[in-house]
Every structure is written in C-alpha cells, then in structure tokens.
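Q: When you get a sec, could you build the whole thing from the sequences and use the hints?
Residue numbers (the working numbering), protein chains in the order written: chain U, 1203 to 1319; chain V, 13 to 341.
In case anyone wonders, no lab produced these hints; they're calculated from the structure. Remember, predicted model here, so these are calculated numbers, not experimental data. In this text, a Cβ means the ideal position worked out from N, Cα and C, and glycines have one as well. Any given hint could turn out to be false.
[Said to hold, decoys possible] Okay, derived cross-link-like pairs now, SDA-like style, lysine to any residue, Cα gap no bigger than 20 angstroms in a straight line:
no., chain 1, residue 1, chain 2, residue 2
1, U, K1280, V, Y50
2, V, K37, U, Q1231
3, V, K25, U, R1263
4, V, K181, V, L253
5, V, K30, U, W1274
6, V, K259, V, S332
7, V, K182, V, G337
8, V, K62, U, V1243
9, V, K37, U, R1262
10, V, K37, U, A1279
11, V, K62, U, D1253
12, U, K1280, V, K181
13, V, K30, U, V1243
14, U, K1280, V, D45
15, U, K1266, V, E29
16, V, K51, U, V1243
17, U, K1266, U, Q1231
18, V, K30, U, P1259
[Stated by the list, open to error] Computed Cβ-Cβ distance ranges for the label pairs, DEER-style:
no., chain 1, residue 1, chain 2, residue 2, range
19, U, M1305, V, I192, 53 to 63 angstroms
20, U, R1297, V, S188, 10 to 20 angstroms
21, V, V71, U, D1275, 24 to 34 angstroms
22, V, I192, U, V1225, 14 to 24 angstroms
23, U, K1296, V, K62, 30 to 40 angstroms
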Amino acid sequence: MGIEKDDQVFEGLVLELRRGTIVLSVMSQLKTAQYGYSLVVLLEEKGIAVDAGTLYPLLRRLEKQGILESSWDVESAKPRKYYGLSDYGKTVYKRLCDQWVSMTDSINALINDKDVE
Amino acid sequence: MDLVERYIYAVTKRLPEKQRGDIEKELRSIIEDMMEQYKETEPKDLIIQKVLLELGDPVLLADNYREAKRYLIGPQYFDKYMLVLKIVFGAVFLGISISTVIGSIFSEQHKIMEALAGYIGGLFSGLAQGFVWVTGIFAAAEYYGVKLMDDEAEKHSWCLSELPQIPEKKAVISKSESIISIMFSTIFAIIFWSASQLIAAYIPNGQGGLAIIPVFDISVIFGYRILILATFILSVLKEILKLIYGKWTLRLSILVTALSLASLALTVAILSNPNIWNDRFAADIMLHLNLNYDFASIWKMVTSKVAVLFVIAYTIEAISVVYKGIKYK
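A: Below is the structure:
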C-alpha cells in the first residue's frame, strides 16, 4: 500500500472520529448564545476546526431537535441569528459530558493497556 | 455580490420551499460575517471567492441542510431494477428483431432501407418505453416502500421473532422462470402491438410462395391494443413482484392472485368480442389445404371456448399460488 493511500485512509478515520465530537464541542460553546460565525471563531481559537458547510446545517438540526433555541437579532445593523442551549439542551449537555468522561476513561485504559507491539 | 446571490440560489433551490426563506437569510449573514475576517484592503471580489470556497460545494451544503437522502431508486431496489431492466431490454430487442425479420420475409415489396429505418425506430421507441415503465414501477415501489418501512419502525421496536424464516427450498421462486416469463410477455406484446397480422397460419400456396392467413381481424384487434398493453403490464408487474420477494409468502400470493384476476378480466373482455377473429380464417384454411371435413365448425367452437380455457388456466394458477402462499407463509 502506497504512502498516499495510507494517508487517505488515516485522514478518513480522523474525520470519522472528529465527527462524533462536533456536537459536544458546539454545545459546550453555546451556554451563552452565539451567532454562526462567532461560534466558528470561538471553536477555532480553542483548537477545534469545524467545516463551515457542516456547522451551519448542524445548528439548524439541533434546533429542530429542541437542543438549541434561536432568535434573530434585528437591533444591530446586521441581522444575525443567535443560537443558544435550551433548558432541555442544558440537561442533554450535562449527560453527554458524563458519557464523554466515562468513554474517554475506558478508551484511555484500553490504549494504555496495550502498549506492547 | 453577484457570486453570493448565485451561491445562495444554488443552495436554496435544492431545499424544500418552506425552509428557503430562513436559510437564505441565515446564509447571507454568515457570508457577510465570514467576509469581515479579511482585511479591508483586499479586493472584495477576491474575498467573496475565498469565503464561498470555504463554505464548499453548494450541493453538499444543501444535502447537509436537507439531512435525509432522497432516491428515485434506492440501494435496496437497485440490483433488482437493473436485472429487470436488462430482461426487458433483451426481450424488446428480441421481440422487435423477430417481428421485423418475419415481417420483411413475408412482405410483398423488399425495401431494405425502409425496413431498416422502421427497425431502428421501433427499437428506439420500444427500448424507451421499456425504460420508462420499469423505472416508473420501481420508483413507485421506492416511494411507497420507504414510507411503509418508516411507519413500521415507528410503531414498535424490533424483536427477535421478526427475523424472517429461512425459506424452504420449495418456497423459493425461481428467478429464471420470472425472467423467461417477462421475455415472452414482452415479445408477445410487441408482436400484438406492432404486427398482429403476423399471428397467422403460414401455408405453402403451391407456387413456391406462402399464403398468410391472419388469425385475428387486424382492425378489430387494433382497437383493443390499449387493453392488450394493460394485460402485458399487469403480467410483467406480477413477475417483478415475484423477483423482489424472491420467495412465496401469503402477501405475495394475494398480490399475484389479484393481478392475475385483473389480467384475466381484461383477457376475457377482449375475447368476449367474437369479431376479433378473422372471419375468413377457417374458409381460407379449408381452401388452401383442400380439407374435406368441416374445419369451419371446429374453428368456431375453438374460438368461442378460448375464454373458458383462459379462465381454467388462471384458476389453476391462482389455486396453486394461494396454496404456496398459505403453506410457506
């Protein structure tokens, strides 16, 4: 297998791994409402790069599921749609965080266990 | 700003009507926000290009907004769709080729170019019709099938008893039987549709030629061609269902029986008109074969009882189908 193909497979796996974490990353930054672009900037500053074409549709989907609430800010010069966690979203976020911690604990244990070879 | 408008249009035109307005507004503000990260000194056109490239392919973006994938014919039906399409194409090709060859052998004048043009035209329209029918039937199956499964998934969670039984050997429907059946139906329908005069008795006329005595009255049978086409579609539909199910079940047997009954009704409706038969058939046969017994009255009895034969044949089929459906359900 050539190096190029090797890299492609690796990139694909990384992408898949990251996809599962996007929702949690996004929710973590929405305790105070943000508009789309400010959220991208926030995440980037903290080292999480999110594809713009994925993020905006995701926000709408989470809103439809009742996790996020949105409102149009028409006061300022430029109208912007702000997204923030709903009450339901806040409880879901807490539970997801617990899941994340226990999952990473388990996986860390798995990874460190098999350091041989 | 022209590029921005075109980009937004490229996304929203792929979305359901009621979502368009809101997403359009949102996209516009997102693009403006994204533009602000670049220095004012850069040319605006360049900034717009960079921003839109960052947002990515509008088709993918619209897909992400829409979530559910839409198919005309989805992966679950696609293999079977291709199979049936190949069969129908093969049958159309064979049917038109056969009827053209037979037709040109027995035609009075031999104009090769005309025959060739007719052949190509016939092939083209035949294949196009086949394609439209098969695609339409499968698209409908996809449309209603998918919905059906969603409903079932909502009703209850899956349990072990839902696992399908491994079919008994005898319950498995032979694919080749359905394929052959579709081929013959197609050939038969094409001959009926385009060259019903070829369904005839071919008798040497003693001078090296052939006397062709059509079985049907061409002008009367022509009036029934929509009904004949409908019978054909029903029988192909029946075979497609058998191919999709792959084994006998109670539901399949009920569907197949219903389709059989419908096509029997159409067949009997056509046969109930005594004028479809060529009324000179018996007399011409007697003339050419020098028969010395009363062929005409035998022929008359046969033609008047054909409908009964169809009823008997269909009844036997229906009984065996229902029997299989109950036995292997």
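Q: All the hints need checking, so say for each whether the structure fits it.
A: Hints, one by one, checked against the model:
1. U:K1280 x V:Y50: holds (17 angstroms)
2. V:K37 x U:Q1231: violated (23 angstroms)
3. V:K25 x U:R1263: At roughly 19 angstroms apart (the allowed maximum being 20 angstroms), R1263 (chain U) and K25 (chain V) satisfy the hint.
4. V:K181 x V:L253: holds (19 angstroms)
5. V:K30 x U:W1274: holds (17 angstroms)
6. V:K259 x V:S332: holds (14 angstroms)
7. V:K182 x V:G337: holds (11 angstroms)
8. V:K62 x U:V1243: holds (16 angstroms)
9. V:K37 x U:R1262: holds (13 angstroms)
10. V:K37 x U:A1279: With Cα atoms ~14 angstroms apart, K37 (chain V) and A1279 (chain U) stay inside 20 angstroms; holds.
11. V:K62 x U:D1253: Given that 20 angstroms is the threshold and the Cα spacing comes to 14 angstroms, the pair holds.
12. U:K1280 x V:K181: violated (70 angstroms)
13. V:K30 x U:V1243: Violated, at roughly 30 angstroms.
14. U:K1280 x V:D45: holds (9 angstroms)
15. U:K1266 x V:E29: Judged against 20 angstroms, a Cα distance of about 17 angstroms means the pair holds.
16. V:K51 x U:V1243: Distance of about 16 angstroms is within 20 angstroms: holds.
17. U:K1266 x U:Q1231: holds (18 angstroms)
18. V:K30 x U:P1259: holds (15 angstroms)
19. U:M1305 x V:I192: 53 to 63 angstroms: At 56 angstroms between Cβs, range holds.
20. U:R1297 x V:S188: 10 to 20 angstroms: With Cβ atoms ~56 angstroms apart, the hint is violated.
21. V:V71 x U:D1275: 24 to 34 angstroms: Roughly 30 angstroms apart at Cβ, these two residues keep to the hinted range, so it holds.
22. V:I192 x U:V1225: 14 to 24 angstroms: 54 angstroms Cβ-Cβ, so the 14 to 24 angstroms window is violated.
23. U:K1296 x V:K62: 30 to 40 angstroms: Check passed, 39 angstroms falls within 30 to 40 angstroms.
Against the hints set out earlier in the document, violations occur for numbers 2, 12, 13, 20 and 22.
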